[in-house]
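Visitor: One letter stands for each residue in the lines below.
2 protein chains.
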Amino acid sequence: MTENNPALMTSTIEALIDGKKYLTLRDIFVTMQPMDIAIVLGQLGENRLPLMFRLLPKELAAETFIEMDPDEQELLIRGFSDSELKDVVDELYVDDAVDLIEEMPANVVKRILKSADPEMRRTINELLNYPEDSAGSIMTTEYVSLRPDMTAEDAIKRIRRGAVDKETIYTCYVTDLSRKLIGYVTLKALLLAEDDTVITDIMGTDTISVTTTDDQEEVANAFSKYDLSALPVVDKENRLVGIVTVDDAIDVMEEEATEDIEKMAAITPTDKPYLRLTPFEIWKSRIPWLMLLMVSATFTGIIISSFESALAKWVALTAFIPMLMDTGGNTGSQASVSVIRALSIGDLDFSDFFRVVWKELRVAVLCAVSLAVVNFLKIQLVDVMIMGNSSITVMVNLVICITLAFTIICAKLVGCTLPLIAKRIGFDPAVMASPFITTIVDALSLLIYFQVASLLLGL
Amino acid sequence: MTENNPALMTSTIEALIDGKKYLTLRDIFVTMQPMDIAIVLGQLGENRLPLMFRLLPKELAAETFIEMDPDEQELLIRGFSDSELKDVVDELYVDDAVDLIEEMPANVVKRILKSADPEMRRTINELLNYPEDSAGSIMTTEYVSLRPDMTAEDAIKRIRRGAVDKETIYTCYVTDLSRKLIGYVTLKALLLAEDDTVITDIMGTDTISVTTTDDQEEVANAFSKYDLSALPVVDKENRLVGIVTVDDAIDVMEEEATEDIEKMAAITPTDKPYLRLTPFEIWKSRIPWLMLLMVSATFTGIIISSFESALAKWVALTAFIPMLMDTGGNTGSQASVSVIRALSIGDLDFSDFFRVVWKELRVAVLCAVSLAVVNFLKIQLVDVMIMGNSSITVMVNLVICITLAFTIICAKLVGCTLPLIAKRIGFDPAVMASPFITTIVDALSLLIYFQVASLLLGL
Numbered sequence: 001m002t003e004n005n006p007a008l009m010t011s012t013i014e015a016l017i018d019g020k021k022y023l024t025l026r027d028i029f030v031t032m033q034p035m036d037i038a039i040v041l042g043q044l045g046e047n048r049l050p051l052m053f054r055l056l057p058k059e060l061a062a063e064t065f066i067e068m069d070p071d072e073q074e075l076l077i078r079g080f081s082d083s084e085l086k087d088v089v090d091e092l093y094v095d096d097a098v099d100l101i102e103e104m105p106a107n108v109v110k111r112i113l114k115s116a117d118p119e120m121r122r123t124i125n126e127l128l129n130y131p132e133d134s135a136g137s138i139m140t141t142e143y144v145s146l147r148p149d150m151t152a153e154d155a156i157k158r159i160r161r162g163a164v165d166k167e168t169i170y171t172c173y174v175t176d177l178s179r180k181l182i183g184y185v186t187l188k189a190l191l192l193a194e195d196d197t198v199i200t201d202i203m204g205t206d207t208i209s210v211t212t213t214d215d216q217e218e219v220a221n222a223f224s225k226y227d228l229s230a231l232p233v234v235d236k237e238n239r240l241v242g243i244v245t246v247d248d249a250i251d252v253m254e255e256e257a258t259e260d261i262e263k264m265a266a267i268t269p270t271d272k273p274y275l276r277l278t279p280f281e282i283w284k285s286r287i288p289w290l291m292l293l294m295v296s297a298t299f300t301g302i303i304i305s306s307f308e309s310a311l312a313k314w315v316a317l318t319a320f321i322p323m324l325m326d327t328g329g330n331t332g333s334q335a336s337v338s339v340i341r342a343l344s345i346g347d348l349d350f351s352d353f354f355r356v357v358w359k360e361l362r363v364a365v366l367c368a369v370s371l372a373v374v375n376f377l378k379i380q381l382v383d384v385m386i387m388g389n390s391s392i393t394v395m396v397n398l399v400i401c402i403t404l405a406f407t408i409i410c411a412k413l414v415g416c417t418l419p420l421i422a423k424r425i426g427f428d429p430a431v432m433a434s435p436f437i438t439t440i441v442d443a444l445s446l447l448i449y450f451q452v453a454s455l456l457l458g459l
Numbered sequence: 001m002t003e004n005n006p007a008l009m010t011s012t013i014e015a016l017i018d019g020k021k022y023l024t025l026r027d028i029f030v031t032m033q034p035m036d037i038a039i040v041l042g043q044l045g046e047n048r049l050p051l052m053f054r055l056l057p058k059e060l061a062a063e064t065f066i067e068m069d070p071d072e073q074e075l076l077i078r079g080f081s082d083s084e085l086k087d088v089v090d091e092l093y094v095d096d097a098v099d100l101i102e103e104m105p106a107n108v109v110k111r112i113l114k115s116a117d118p119e120m121r122r123t124i125n126e127l128l129n130y131p132e133d134s135a136g137s138i139m140t141t142e143y144v145s146l147r148p149d150m151t152a153e154d155a156i157k158r159i160r161r162g163a164v165d166k167e168t169i170y171t172c173y174v175t176d177l178s179r180k181l182i183g184y185v186t187l188k189a190l191l192l193a194e195d196d197t198v199i200t201d202i203m204g205t206d207t208i209s210v211t212t213t214d215d216q217e218e219v220a221n222a223f224s225k226y227d228l229s230a231l232p233v234v235d236k237e238n239r240l241v242g243i244v245t246v247d248d249a250i251d252v253m254e255e256e257a258t259e260d261i262e263k264m265a266a267i268t269p270t271d272k273p274y275l276r277l278t279p280f281e282i283w284k285s286r287i288p289w290l291m292l293l294m295v296s297a298t299f300t301g302i303i304i305s306s307f308e309s310a311l312a313k314w315v316a317l318t319a320f321i322p323m324l325m326d327t328g329g330n331t332g333s334q335a336s337v338s339v340i341r342a343l344s345i346g347d348l349d350f351s352d353f354f355r356v357v358w359k360e361l362r363v364a365v366l367c368a369v370s371l372a373v374v375n376f377l378k379i380q381l382v383d384v385m386i387m388g389n390s391s392i393t394v395m396v397n398l399v400i401c402i403t404l405a406f407t408i409i410c411a412k413l414v415g416c417t418l419p420l421i422a423k424r425i426g427f428d429p430a431v432m433a434s435p436f437i438t439t440i441v442d443a444l445s446l447l448i449y450f451q452v453a454s455l456l457l458g459l
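Chains as they are written, first to last, in our numbering: chain A, 1 to 459; chain B, 1 to 459.
Don't read these hints as lab results, they were simulated from the structure. All figures in this text were calculated on a predicted structure; none of them were measured in a lab. There could be a bad hint or two in this list.
[What the hints assert, rightly or not] List time: in silico BS3-like cross-link candidates among lysine-lysine, alpha-carbon distance up to 30 Å:
| no. | chain 1 | residue 1 | chain 2 | residue 2 |
| --- | --- | --- | --- | --- |
| 1 | A | K263 | B | K86 |
| 2 | A | K188 | B | K86 |
| 3 | A | K157 | A | K180 |
[Claimed, not checked] To spell it out: a stretch of chain B is covered by chain A in this simulated footprint if at least three of its residues, at any positions, have a beta carbon under 8 Å from a beta carbon of chain A; those stretches are:
| no. | region |
| --- | --- |
| 4 | 29–40 |
| 5 | 54–66 |
| 6 | 326–333 |
Cβ coordinates follow ideal geometry from the N, Cα and C atoms, glycine included.
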């Protein structure tokens with residue numbers, strides 16, 4: 001990829017700062033992407049950051065500001081004069097301003113709100129009232145709305161006039177006099193139309209929209225399903241109140257995928273990037289699940305204890321407990337993770353319950369047979385012949401392999417059904433992943449083990 | 001979300017087909033999103049699908065076609081006359097045509113290529129030559145390129161003339177006479193400029209681009225990092241050869257996240273959605289890892305076997321093996337999954353190795369202490385007092401809890417370092433997730449267990 005390497009840039013920039021070559025620095029910055037400038041500035045340290053930031057032209061400064069880490073943003077704001085703060089805040093889109101405010105301490109928030117113009121302050125306060133992770137909380141109010149009876153020429157004029165302050169001008173929304181959303185029109189359609197064409201004749205009416213209280217995950221799914229570049233957000237009366245643009249939807253997608261992955265690994269999701277979490281915050285997000293799963297393992301302990309005398313007689317059986325439990329856990333996790341992912345990208349629904357079970361049952365039988373056969377041969381060859389473990393009779397080997405086969409089938413069925421059931425009863429399916437499945441399958445595999453052993457070995 | 005419910009639509013549409021209300025059906029279809037029409041048609045079955053598809057107006061038909069499953073696409077193509085096929089192919093964007101061709105059997109591919117016009121056929125063949133999952137394989141060649149000396153007015157005229165066939169007109173690329181990429185200009189900038197402004201004066205030169213052979217993951221990361229709506233793709237001589245649009249980047253992001261999740265659950269990723277995989281295909285994607293992990297469990301078996309006599313003497317120890325192994329596996333997975341995700345969204349790099357280890361070490365100590373204390377109390381209260389298991393002496397309990405603490409610390413360190421090392425030596429870090437970590441931690445926890453037991457109980 002052709003981009004500047006921020007790590008490499010930093011040393012050049014530090015040398016230029018030391019040489020006080022400020023004009024050269026400014027020339028370099030204006031050729032760079034705001035994101036890359038933010039990375040470079042972030043590596044400069046508290047003393048030089050404000051100085052360098054002031055070198056940036058006004059608009060670039062605001063664009064860079066929004067890409068910085070909250071700590072650096074706070075540092076900058078505390079150093080800003082009121083007029084400098086106003087310059088930055090004026091250039092921010094409303095949704096970026098809201099994101100910023102959500103990260104800042106109260107006294108900084110007060111200064112930001114004071115420096116926003118009254119109209120923007122009102123909008124910010126409105127957006128702050130939407131529930132976290134709702135469509136309302138991620139939308140912007142800076143969209144283009146058109147009337148159905150406008151001509152294409154008028155519409156383009158209107159767009160040109162207002163373009164500077166809008167987050168996107170490429171999809172415009174058509175509303176009636178009571179602000180109800182009635183359609184959309186792309187700038188492409190407007191440019192291709194004759195000047196006197198009326199909007200009604202070229203607008204699309206198959207509008208996809210969300211309401212302010214819809215979850216942001218639905219917003220992200222709409223973008224990926226319908227290939228949108230912006231999505232209108234309406235209130236309960238179908239009045240247009242904002243739009244979500246595709247760049248924000250991409251952030252939501254990344255966030256939601258991260259959350260799913262964290263939940264699958266028994267971690268309570270946090271919003272912060274890994275390196276910015278303190279050890280205590282990481283501990284807090286991980287310990288509840290570890291505690292719960294550790295205490296649930298009491299059951300496996302009880303099962304083993306109750307077969308203590310049998311295990312003392314058939315000592316070889318103990319050695320294969322970890323293998324049986326792990327293989328069960330792995331096969332179960334495969335099924336649950338496949339189902340969880342398919343559910344969250346909308347490839348699957350609870351109505352597919354029996355299709356999924358029937359599919360996993362056949363996969364389970366294939367896995368059970370192949371693993372059991374390989375394991376039987378491996379034990380005869382490695383454990384009995386090579387390592388000379390005479391306590392493993394063919395009967396003991398059979399007990400192990402039959403248990404393995406049944407455990408795999410149970411594990412796959414538990415793994416594929418639990419996420420579907422969770423979804424059905426309104427729980428998050430992602431929680432039903434490896435750690436949870438493993439705990440259940442551990443107990444199941446031990447019960448099967450001792451049952452099979454009782455039958456074949458007469459414990 | 002306000003959208004049509006495809007499941008609900010199907011029954012209405014079936015009733016209308018039975019009543020031969022074809023005009024009504026057409027009226028309904030033109031109000032719907034192509035994606036939703038594709039879902040509804042997909043549920044109609046082989047006989048009625050071609051009939052319904054022919055009701056769609058030409059452009060909508062092509063848009064719907066591209067959203068359908070490959071099986072349905074093949075069915076339709078086999079039923080098309082040559083001119084019907086040409087109508088659909090003419091409406092396709094080049095990158096969609098390439099996607100289609102990659103899914104079809106050879107004889108269908110031949111017909112598709114025959115019905116494409118020579119220019120498109122040449123482009124398709126070129127795109128098919130790029131390696132799978134490269135930027136070249138997902139780009140489209142239908143972009144707007146402008147010359148640096150054009151005026152804004154000329155540029156807008158050129159855009160209007162060519163707009164119909166371009167995938168996006170909102171970001172245009174500026175190239176010199178040898179097609180080298182020298183900058184970009186947005187339609188917004190063009191609309192805001194005076195008519196006689198020269199492109200050079202308004203174009204951006206901080207262009208982010210990828211080369212044709214770059215991996216699609218880099219493409220997706222560029223979109224999310226720089227909030228792009230399109231990304232230019234250049235050849236080795238920096239000549240512009242195509243663009244990737246944001247809708248395709250979103251598909252790549254979803255695909256890459258799914259792949260990561262599958263690898264973390266020891267599944268070999270496939271391109272197909274879950275419900276379209278046969279049980280045999282699912283088995284093939286899961287069995288190699290299960291086999292490998294099952295055979296690796298031989299080590300845990302050997303460790304247990306070599307302490308057989310000790311376990312026979314201290315029978316209570318066996319009952320806690322599953323709890324120790326699971327808790328170790330869970331804590332290790334948490335660390336590995338956090339690191340893997342941070343690596344894949346670019347929040348982390350190998351250079352952060354020591355920061356990560358130091359952070360996880362502190363988290364590990366917090367987790368170890370809290371879990372060990374809770375476990376000690378739980379065993380005294382539940383296992384000893386309530387369940388009356390007299391074989392668990394305070395010393396045995398100490399052995400269990402000290403083992404737990406050390407296992408947790410080892411597990412976190414193994415979990416956070418392995419993905420970083422994998423990344424460093426060019427392996428996929430996602431493979432170093434739960435199943436792999438679990439297998440390693442199992443053996444470690446047993447070794448610690450018997451070591452601690454030897455010291456405190458004198459095995």
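Visitor: State for each hint whether it applies.
Guide: Structure-based check of all given hints:
With a C-alpha separation of about 48 Å, the suggested pairing of A/K263 with B/K86 is violated against the 30 Å cut-off. Straight-line distance between C-alpha atoms of A/K188 and B/K86 comes to about 25 Å, which keeps the hinted pair within the 30 Å bound. Straight-line distance between C-alpha atoms of A/K157 and A/K180 comes to about 22 Å, which keeps the hinted pair within the 30 Å bound. Coverage of the region 29–40 of chain B by chain A holds [criterion: at least 3 residues with CB-CB distance below 8 Å; count 4].
Here's how the region 54–66 of chain B fares: 0 of its residues keep a CB closer than 8 Å to some CB of chain A, so the rule of at least three is not met and the hint is violated. Three residues within the 8 Å Cβ limit are the bar, and the region 326–333 of chain B against chain A gives 6, so the coverage statement holds.
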